[in-house]
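*Asks:* Single-letter residue listing:
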Amino acid sequence: MTESNKPILEVKGLKTHFFTKRGVSKAVDGIDFSLHKGETLGIVGESGCGKSITSLSILRLIPSPPGKIAGGQVLFKGKDLVTISEDEMRRVRGNEISMIFQEPMTSLNPVLPVGEQIAEALRMHQNMGRKAAWERAVEMLKLVGIPSPEKRAKQEPFQLSGGMRQRVMIAMALACTPEVLIADEPTTALDVTIQAQILELIKDLQNRLGMGVIMITHDLGVVAETCDTVAVMYAGNIIEHAPTEKIFANPRHPYTQGLLDSLPKIHEDQEELQTIEGSVPSPYNMPAGCRFASRCPHQQPICHEQQPELIEQNDGVKVRCWMYTDLWTVKMVKEEAVK
Amino acid sequence: MLMFIVRRLLQTIPVIIGVTFVVFFIMQLVPGDPAVLLAGEGASKETIEAIRDQLGLNRPLLVQYFDYLTSVFRGDFGVSLKNSQPVLDEILVRLPITVELSFFSILITIVLGMAAGIISAIKPYSLKDTTVMIVALLGISLPSFWFGLMLMYFFSVKLQILPVAGWDSILHVILPALTLGAGGAAIVARMTRSSMLEVIRQDYIRTARAKGVRESVIIYKHGLRNALIPVITVVGLQFGALLGGTVLVESIFAINGLGRMIVDSIRMRDLPMVQGGVLVASLVFVVVNLIVDVLYRFFNKRIELN
Chain A
1 MTESNKPILE VKGLKTHFFT KRGVSKAVDG IDFSLHKGET LGIVGESGCG
51 KSITSLSILR LIPSPPGKIA GGQVLFKGKD LVTISEDEMR RVRGNEISMI
101 FQEPMTSLNP VLPVGEQIAE ALRMHQNMGR KAAWERAVEM LKLVGIPSPE
151 KRAKQEPFQL SGGMRQRVMI AMALACTPEV LIADEPTTAL DVTIQAQILE
201 LIKDLQNRLG MGVIMITHDL GVVAETCDTV AVMYAGNIIE HAPTEKIFAN
251 PRHPYTQGLL DSLPKIHEDQ EELQTIEGSV PSPYNMPAGC RFASRCPHQQ
301 PICHEQQPEL IEQNDGVKVR CWMYTDLWTV KMVKEEAVK
Chain B
1 MLMFIVRRLL QTIPVIIGVT FVVFFIMQLV PGDPAVLLAG EGASKETIEA
51 IRDQLGLNRP LLVQYFDYLT SVFRGDFGVS LKNSQPVLDE ILVRLPITVE
101 LSFFSILITI VLGMAAGIIS AIKPYSLKDT TVMIVALLGI SLPSFWFGLM
151 LMYFFSVKLQ ILPVAGWDSI LHVILPALTL GAGGAAIVAR MTRSSMLEVI
201 RQDYIRTARA KGVRESVIIY KHGLRNALIP VITVVGLQFG ALLGGTVLVE
251 SIFAINGLGR MIVDSIRMRD LPMVQGGVLV ASLVFVVVNL IVDVLYRFFN
301 KRIELN
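Residue numbers (UniProt numbering), protein chains in the order written: chain A, 1 to 339; chain B, 1 to 306.
I should point out that these hints are in silico values taken from the structure, not numbers from a laboratory. Treat the hints loosely; a few may be bogus.
[Unchecked claim] Where chain B lies over chain A, by a calculated footprint (3+ residues, C-beta under 8 angstroms):
{"#": "1", "segment": "100-109"}
{"#": "2", "segment": "118-131"}
{"#": "3", "segment": "185-196"}
No residue lacks a Cβ here, since even glycine has one placed at the ideal position from N, Cα and C.
With the sequences and hints as input, model every part of the structure.
*Replies:* And the structure:
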């Protein structure tokens with residue numbers, strides 16, 4: 001990990017809301033994180049926690065209406081991507097910030113040769129001629145480990161396997177050597193053996209190109225393998241943000257603890273897998289207090305009254321939980337005293 | 001691809017034979033005796049019988065049919081019962097007119113229909129979309145004979161900018177082609193719209209956006225090519241409807257095309273003419289279907305696998 005001090009991407013107080021007939025769904029509700037050159041940030045959480053919406057918001061790809069970035073900033077090399085013009089944004093997409101999607105089967109255009117789909121970005125962003133762009137596309141296919149790339153470039157997606165299509169997606173995303181790569185569940189739809197290859201490929205290319213990677217996943221195994229830092233999302237908020245080894249060694253937030261407990265363990269005799277009781281609150285009707293409170297084994301009255309802030313601990317771990325505030329200790333002491 | 005075209009061509013042979021069979025026997029079931037019509041009113045039984053003999057109408061039906069079939073394959077469509085002219089000659093005079101009319105009307109169907117569909121799909125539920133779709137609904141609902149007469153009344157009688165009827169110049173083509181193409185254009189517009197809306201929601205469109213592709217390129221390159229696949233089917237089907245349409249439109253605008261020839265011949269019980277006309281019309285239909293199939297594969301190479 002090569003880390004310079006200034007982050008290349010900074011997300012500050014980002015809010016993405018969906019305005020529907022049922023009401024306002026606060027899918028992403030004020031999140032902050034930053035990404036440095038060469039760093040891999042994992043964003044984890046269960047389905048619907050807002051991690052994909054976060055990534056789409058960075059590139060302003062939220063379907064609008066009903067979606068809208070309701071507040072916050074996305075700072076990329078001094079520009080706020082939330083406010084720049086659509087034309088400027090278009091020049092960032094696929095050029096400086098790229099994205100890989102979850103479904104390689106449906107994310108490639110079925111009627112265009114894959115080489116053309118890669119070359120298109122090069123012609124647009126790098127002003128390459130038709131021939132040069134095509135040659136570079138073939139090179140990219142070679143770089144992502146596709147055998148006989150000249151032949152494959154002329155083929156259409158249906159002639160390729162799932163793993164190969166995801167390689168094509170990666171080739172497409174990296175063709176213009178972006179500074180940030182957002183990988184939205186890049187391995188979820190693939191076989192386990194292919195998963196490992198694809199992760200290895202992303203890591204390898206990251207080392208060569210020195211880009212920052214945002215790895216969006218629900219798979220803690222992927223996080224452990226690839227990420228330097230992790231942001232755990234729950235119901236539109238980041239609830240814990242820490243270096244990967246610290247999260248795995250000592251999870252602070254009860255939700256993170258629950259997530260790690262629910263992993264099957266190899267060395268212990270387990271009859272049943274652990275689960276987290278209850279379910280995620282509806283995005284249309286968020287509780288006033290901590291969003292995890294109703295499922296939390298440590299819940300206190302204050303948890304239901306007021307939402308805690310994301311507070312940095314002494315060792316750099318940020319956590320959004322009353323348990324790690326002075327209020328909690330004071331309160332506990334008081335309660336002890338009452339007893 | 002070549003193998004595919006050859007195979008499809010071979011498949012058309014049984015279709016053509018089937019068509020001749022159906023046409024031949026349906027005409028036998030239609031009331032009315034060509035011999036009686038030819039002999040004229042008040043002709044004696046002997047005269048009618050003589051004509052029947054001369055035309056071979058009293059031989060067994062199957063013999064008549066096979067006789068007809070073999071001559072068709074030799075390029076002999078028989079002679080008209082009305083004026084003893086070879087059927088093929090008459091058809092060759094009429095066919096280009098109908099082909100021209102069909103060509104322009106299908107052009108209207110495709111260009112007008114797809115343009116309207118795309119305009120609608122770009123901003124769904126907008127005022128533009130609603131207007132286009134209401135017009136399209138009218139296009140489907142209005143019967144073509146009424147629509148043709150209205151066009152004629154408005155442009156030829158009131159404004160006097162286009163000829164009323166006949167078939168001389170390119171100006172004569174406009175109203176009949178519009179009458180014939182309007183219904184198809186409406187169907188194509190609705191199909192294009194729904195197909196575009198379906199395609200625009202797909203993951204690969206999001207991928208193209210994430211790549212930084214311009215919105216217009218997304219619509220025309222990434223969207224339309226995928227959306228066209230079902231539209232081509234509909235356009236192909238419109239050709240079928242066209243056969244029926246030309247009959248009406250050629251009658252309204254007094255155009256001496258194939259459709260009108262078939263109608264007149266049916267009225268006269270001119271059996272060889274009807275058979276020849278319908279046969280040629282079906283041949284055209286079969287060829288058009290072949291072209292549609294080839295286009296289909298061009299736009300969607302996945303079909304090759306199936």
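*Asks:* Are the hints correct? Go through all of them and say.
*Replies:* Going down the list of hints, with the structure as the test:
no. : hint    : verdict
1   : 100-109 : holds (count 6)
2   : 118-131 : holds (count 4)
3   : 185-196 : violated (count 0)
This entry does not satisfy hint 3, going by the numbered hints stated previously; all others are met.
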